[in-house]
Amino acid sequence: MAKEIERKFLVASDDWRERADGGIRLRQAYIVTMEDRSVRVRIHGNKWARLTVKIGKSALVRNEYEYDLPMDDARELLTQAVGIVIEKRRYRVPHKSFTWEVDVYEGALEGLVVAEVEMKKETDLPALPAWLGREITGDRRYSNQALATEGLLVAQP
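For the sequence shown, the UniProt record's numbering assigns the number 1 to the initial residue and increments by one for each residue that follows.
Hints may be right or wrong, so weigh each one.
List of simulated lysine-lysine pairs, DSSO-like, C-alpha gap at most 27 Å [as the list claims (entries may be wrong)]: (1) Lys3 / Lys120; (2) Lys54 / Lys3; (3) Lys3 / Lys47; (4) Lys3 / Lys57; (5) Lys57 / Lys8.
In case anyone wonders, no lab produced these hints; they're calculated from the structure.
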């Protein structure tokens, strides 16, 4: 069983772009959503797809199971989305000994930019880049599941 341990932040400036890779386009949809679990399909750059099951109530740690998915199945599952299909471009940005992922949302969520860092242990303390804004770890309004099913319910800072 894999654990997802991550912190999440709003992004306050574009300074991250200096060190970012070229990014990859992601399309993702939630097939099942419940308070403490979800099933998601995600297409990575129209090249490969994954089905992900996440379970857990913790703001920082959840169980995560991922499986490769045939592209035709993934495209069909996108049509079965609960809520909207999320569209975003994900960039990887190295900072100190961690790699941050910056998601620039498109479509219905355009204007939202979020950074997250995955950690190996809950006690890890990644150095926070200067371009980060407010921490939103545990703020369910910014979870992709809530964004897909409820939209962006908060004003941007």
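Tested hints:
{"no.": "1", "hint": "Lys3 / Lys120", "result": "holds, 9 Å"}
{"no.": "2", "hint": "Lys54 / Lys3", "result": "holds, 9 Å"}
{"no.": "3", "hint": "Lys3 / Lys47", "result": "holds, 25 Å"}
{"no.": "4", "hint": "Lys3 / Lys57", "result": "holds, 13 Å"}
{"no.": "5", "hint": "Lys57 / Lys8", "result": "holds, 16 Å"}
When the structure is compared with the earlier hints, no violation turns up for any of them.
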